[in-house]
Amino acid sequence: MHENELEKNGEDMKTMLENQDASARTDAGIIVMSMFFAGILVVAFTTNPIASGTKIGERAPIFSGEAYDGSSWKSFEFEDLLDTTWTYNSSDAPWIAVEFLDTDCGYCKQSAPDVGQWAEMYSTEQWIGPDVIFIAVAVEFVAESSRAEIVEFRSQYNNNFLYVDDLDIGIAKDWDVAATPSYFLVQPDGIVAWNSGQATNSLGWDAKEEQSISLNGLDDGYVQLNEAIEQLTLLNGGEE
Amino acid sequence: MNEYAILSIHGAIVAFGVLLMTPLGTNISQLFHERYPSTKTRRGQLLAGLMFVCLGGFTVSAQTLWMHNKLSEGASVCSGNTILNCDGLIGNVAYNTDPLFGQPWGLIGMVAFTALMWLAITIGKEPMSPQTPLFIKAGLGATIAGLPVIGLLVSYEIKEGLICPFCTVAHITNVIALIGFFMLFKLYESDGWSPETKKTLRK
Numbered sequence: 001m002h003e004n005e006l007e008k009n010g011e012d013m014k015t016m017l018e019n020q021d022a023s024a025r026t027d028a029g030i031i032v033m034s035m036f037f038a039g040i041l042v043v044a045f046t047t048n049p050i051a052s053g054t055k056i057g058e059r060a061p062i063f064s065g066e067a068y069d070g071s072s073w074k075s076f077e078f079e080d081l082l083d084t085t086w087t088y089n090s091s092d093a094p095w096i097a098v099e100f101l102d103t104d105c106g107y108c109k110q111s112a113p114d115v116g117q118w119a120e121m122y123s124t125e126q127w128i129g130p131d132v133i134f135i136a137v138a139v140e141f142v143a144e145s146s147r148a149e150i151v152e153f154r155s156q157y158n159n160n161f162l163y164v165d166d167l168d169i170g171i172a173k174d175w176d177v178a179a180t181p182s183y184f185l186v187q188p189d190g191i192v193a194w195n196s197g198q199a200t201n202s203l204g205w206d207a208k209e210e211q212s213i214s215l216n217g218l219d220d221g222y223v224q225l226n227e228a229i230e231q232l233t234l235l236n237g238g239e240e
Numbered sequence: 001m002n003e004y005a006i007l008s009i010h011g012a013i014v015a016f017g018v019l020l021m022t023p024l025g026t027n028i029s030q031l032f033h034e035r036y037p038s039t040k041t042r043r044g045q046l047l048a049g050l051m052f053v054c055l056g057g058f059t060v061s062a063q064t065l066w067m068h069n070k071l072s073e074g075a076s077v078c079s080g081n082t083i084l085n086c087d088g089l090i091g092n093v094a095y096n097t098d099p100l101f102g103q104p105w106g107l108i109g110m111v112a113f114t115a116l117m118w119l120a121i122t123i124g125k126e127p128m129s130p131q132t133p134l135f136i137k138a139g140l141g142a143t144i145a146g147l148p149v150i151g152l153l154v155s156y157e158i159k160e161g162l163i164c165p166f167c168t169v170a171h172i173t174n175v176i177a178l179i180g181f182f183m184l185f186k187l188y189e190s191d192g193w194s195p196e197t198k199k200t201l202r203k
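Which chain is which? The protein sequence lines are A and B, in order. Mapping the first sequence onto the numbering used here, position 52 (from 1) lands on 52, and the numbers just tick up by one. Mapping the second sequence onto the numbering used here, position 92 (from 1) lands on 92, and the numbers just tick up by one.
Since the hints were derived computationally from the structure, they do not count as laboratory data. This structure is a prediction, so every number in the text was calculated from the model and none was measured.
Pair ranges (Cβ atoms, derived):
id	chain 1	residue 1	chain 2	residue 2	range
1	A	G170	B	S8	33 to 41 Å
2	A	A44	B	L152	25 to 33 Å
3	A	A44	B	G141	24 to 32 Å
4	B	F101	A	A199	25 to 33 Å
Interface residues of chain A toward chain B, partial, derived using beta-carbon atoms under 7 Å:
id	residue
5	I31
6	G39
7	I50
8	T84
9	G190
C-beta atoms are modelled at their ideal positions from N, C-alpha and C, and glycine is treated no differently.
Work the whole structure out from these sequences, hints included.
As structure tokens, then:
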């Protein structure tokens, strides 16, 4: 009997110690979880993160490389074109049209004169909206290409904007570009306003309301780069 | 506030923890003796130091997560013309998330230091628990597991030719925590863990 009592007391003691251990772990858990959530709340309340990507409303991936300006290949930083302080209608900072093309792609050749024309048109005095800077990113999807081909392509279609060398398709991968030509319209602050390759081609980004809006494809419902430029720049920063 | 002033606050928390872990901790811990009598012992000083180190690691990681989010908004938080530049690393989409889960490194740091702090607090609350050696080894293992991650992040810095001071403080803090858990491990193996109780009785 005496031995049984001792055994029972021993078990009670063991249970008590185990409870104490569990209590210590719980207390420590409450302390650190409170600390963690306090940290997360501070971050959540003081920032408004924007995803990086090429869907409308996302921050366009920045890139750098060598670009041909008509005379030589020079280093190029996409970030240098951005004005991170830009907000809806805050300034006439230039918008950016990015075209991904392959010098061996038939559709790219077909559209090259139009793109060249738009690049001139949206930076002239006659254009009432903010200037649009055109950038061509030359990739190598179809057949082997080279810088010489890029230079020749640019001069053949009298394009006067920068051609960025992306023959290793690093930029195309970051921008989720799988086919050419692909067009993007980027707000001055780096947010993608329109992406020709998105599932619904007629959606654009309204910087004021921070939501997507429908654009009009003037001929066949399919929105072209020039149509996206005219509707979005005038809505989000041009003269009304 | 200047970003380096904020960084020095995180650094001060970590440095205070380091001091508590050194022999100087005996004198410094007198500040806490009345409120926390456990800091009278070497074990208590080590654990208190480790908690401060983990707190510093947590706050600096939270700050890098904050920077990650601010940079995505388009703001510039820590850039310059020198080699010390966080924007070029934390703002670089190719490097600023972990390759496995796609989560920002700052969040990973917050989780890691929270877990380490939980271990330190639990050990501190029940130092004689049979689970204690397991928790010490878990802390040691977790901080050692952090080393290859630090190696990966340093390789990004080398590749970009930039140093992110906030990230570097978090990396150093992990190494300090490793040393702290190792000191705890050695102390547990000795009679110094609980001088009033013979080691043989503990086992």
